[in-house]
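Let the sequences and hints guide you as you build the complete structure.
What follows is the residue order along each chain.
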Amino acid sequence: MAERFTKSMARNIYLGGSTFFILLFLVLTFDTQVRAMPERDNRDQLTEQVVRGKHVWENNNCVGCHSIMGEGAYFAPELANVFDRRGGGNSEVFKAYMNAWMNAMPTNVPGRRQMPQFNLTDQEIEDLSSFLEWTSKIDDNGWPPNIEG
Amino acid sequence: MKYESQRVAMPYFIFALILFAGQIVFGLVLGLQYVVGDFLFPEIPFNVARMVHTNLLIVWLLFGFMGATYYMVPEEAQTELYSPLLAWILFWVFAVAGTLTILGYLFVDYATLADITMNKLLPTMGREFLEQPTITKIGIALVVVGFLFNIMMTALKGRKTVVNIVLITGLIGLAVLWLFSFYNPGNLATDKYFWWFVVHLWVEGVWELIMGAILAYVLIKITGVDREVIEKWLYVIIAMALITGIIGTGHHFFWIGPPEYWLWLGSIFSALEPLPFFMMVLFAFTMINRRKRNHPNKAATLWAMGTAVMAFLGAGVWGFLHTLAPVNYYTHGTQLTAAHGHMAFYGAYVMIVLTIISYAVPIMRGRPYGNSNTAQVVEMWGFWLMTISMVFITLFLTGAGILQIWLQRIPESGEALSFMATQDNISLFYWARMIAGCFFMAGLVVYFCSFFIKGQASFDEEVRGAAIQDV
Numbered sequence: 009m010a011e012r013f014t015k016s017m018a019r020n021i022y023l024g025g026s027t028f029f030i031l032l033f034l035v036l037t038f039d040t041q042v043r044a045m046p047e048r049d050n051r052d053q054l055t056e057q058v059v060r061g062k063h064v065w066e067n068n069n070c071v072g073c074h075s076i077m078g079e080g081a082y083f084a085p086e087l088a089n090v091f092d093r094r095g096g097g098n099s100e101v102f103k104a105y106m107n108a109w110m111n112a113m114p115t116n117v118p119g120r121r122q123m124p125q126f127n128l129t130d131q132e133i134e135d136l137s138s139f140l141e142w143t144s145k146i147d148d149n150g151w152p153p154n155i156e157g
Numbered sequence: 005m006k007y008e009s010q011r012v013a014m015p016y017f018i019f020a021l022i023l024f025a026g027q028i029v030f031g032l033v034l035g036l037q038y039v040v041g042d043f044l045f046p047e048i049p050f051n052v053a054r055m056v057h058t059n060l061l062i063v064w065l066l067f068g069f070m071g072a073t074y075y076m077v078p079e080e081a082q083t084e085l086y087s088p089l090l091a092w093i094l095f096w097v098f099a100v101a102g103t104l105t106i107l108g109y110l111f112v113d114y115a116t117l118a119d120i121t122m123n124k125l126l127p128t129m130g131r132e133f134l135e136q137p138t139i140t141k142i143g144i145a146l147v148v149v150g151f152l153f154n155i156m157m158t159a160l161k162g163r164k165t166v167v168n169i170v171l172i173t174g175l176i177g178l179a180v181l182w183l184f185s186f187y188n189p190g191n192l193a194t195d196k197y198f199w200w201f202v203v204h205l206w207v208e209g210v211w212e213l214i215m216g217a218i219l220a221y222v223l224i225k226i227t228g229v230d231r232e233v234i235e236k237w238l239y240v241i242i243a244m245a246l247i248t249g250i251i252g253t254g255h256h257f258f259w260i261g262p263p264e265y266w267l268w269l270g271s272i273f274s275a276l277e278p279l280p281f282f283m284m285v286l287f288a289f290t291m292i293n294r295r296k297r298n299h300p301n302k303a304a305t306l307w308a309m310g311t312a313v314m315a316f317l318g319a320g321v322w323g324f325l326h327t328l329a330p331v332n333y334y335t336h337g338t339q340l341t342a343a344h345g346h347m348a349f350y351g352a353y354v355m356i357v358l359t360i361i362s363y364a365v366p367i368m369r370g371r372p373y374g375n376s377n378t379a380q381v382v383e384m385w386g387f388w389l390m391t392i393s394m395v396f397i398t399l400f401l402t403g404a405g406i407l408q409i410w411l412q413r414i415p416e417s418g419e420a421l422s423f424m425a426t427q428d429n430i431s432l433f434y435w436a437r438m439i440a441g442c443f444f445m446a447g448l449v450v451y452f453c454s455f456f457i458k459g460q461a462s463f464d465e466e467v468r469g470a471a472i473q474d475v
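Those sequence lines, one after another, are chains A and B. One gets the working numbering by counting positions in the first sequence from 1 and adding 8 to each. One gets the working numbering by counting positions in the second sequence from 1 and adding 4 to each.
These aren't lab readings, by the way, just hints derived from the structure by calculation. Take the hints with a grain of salt, since some may be wrong.
Computed cross-link-like contacts, DSS-like style, restricted to lysine-lysine with a CA-CA straight-line distance of at most 25 angstroms [to be verified]: (1) B:K6 to B:K296; (2) B:K141 to B:K236; (3) B:K6 to B:K164; (4) B:K164 to B:K302; (5) A:K15 to B:K236; (6) B:K164 to A:K15; (7) B:K6 to B:K161; (8) A:K15 to B:K161; (9) A:K103 to A:K145; (10) B:K302 to B:K6; (11) B:K141 to B:K124; (12) A:K15 to B:K141.
Next comes the structure, spelled out in structure tokens:
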């Protein structure tokens, strides 16, 4: 670096640059959370049941194998669109599917990846299904590219 | 070592390395579960092993950062640590809490763990990397507050160097951002947005300050280059890191709900995120080329160059590969993400901790010029085995990811293979990754062996300047 570029100039770029971008980030966060998200995350349908379902999702560490909106582990299928993939977009079909699926685990097929039996109650399965259905309706800029997630 | 209290770094480094070994063991379990699906099922299901693998990584890096800080801050400030006793107490609190949490993951069913730790009162569990029971999260916060108090009391009473200021700024940022781990709204989209305030703003924000400060410190010590020059570089690097990295958070906001302008902001700023890492490569190599002394601790020099290069490749190049929104649309949440994560964490954060360990531990063991030549050669074998293995792990996961995208993501609905069918088709890459993982483990064993070789390096004719002269 040229001698004319001094340490205090470097420090000023650091302080000024980081302050500016922290402030910009806060402004963008405000805009995203306050203006944009209510239009996009269908929060008017965010019922108590959906929130209970989120806790079932969390208390059983589902994200330790699955991804949801592409985030999580990559060991088992994406679940943000499982309502469309397995339920065909129909709540009743999806709940019936979930009930059958959760109770059939694990498959115990030798050598295959196994999903544990979580011993969820019927109510918990229904809550979880509502949570996944609600999640599938968040406007996520058209991701994933196809139904397979 | 100029101050007796720096020695408190030793237990932190030792415990960090023990947890590192645990992390790799569970990494091998996971790698095998990818191809032998029912391995260890139902005793250790994949989600448990993964939680142990990632949480051990986070905790041992925190131990490493704390050890580095306890070693560096007194020497930089030219004063004894404010309270070595507090540092010891916090060590045991953190070590016991961390161990209990990991044992809880392994021996208690996760839902039961959530229940007995009263997650209901303040639900924070069950989110990726933030799986710790709420009580552990509070414990981490308290340990970090006590640690920062001790460090700031030390720094404030002594010389204020740029290395100390940058390091402590990074650590304060780490503590403040950790508070977002307690925010878990019922709205998944909001939850995810602020979850990234911990995850992204740690690893692509404040941790880069910590890494930069440790690298700068080690370079000052091993090259003898004038502090003014090194500090100027450090400022430029961390300026680049924050200018690109903060808005670069947007590359995580593409597909989780936030509006479309993040597609542009996230793409543009994160495309610039390789810059600070590229600067680190230039920094390390320029300083070593302009060295005023040949420090006999060649192993530490190798780690310092290695961390810069591997961080650039893993975080910079592999990050850039899939960061542009039109590309990320197809790559998001595939094995490509896993490939990037592995090399970035190893290159930037594992290797920077191993750099400071390589430099500081011999000194604390009474070997001011470094370990004996034999020990250094063994350590360098460890370096190359682990680093090359990680390159192969990354390449195999990249291959798996590209195939996964080709089979599962690119075709239209109806023609695309399902997730599980795709996994079967790419298992060859998972087997190859598993083999590379075994070589990594071998490298770790070799690395550990280097600690048990006696003898030390001496002040020899190669040394141009005094290797332990104060700067």
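Broken hints, by number: Failing hints, ascending: 2, 4, 12.
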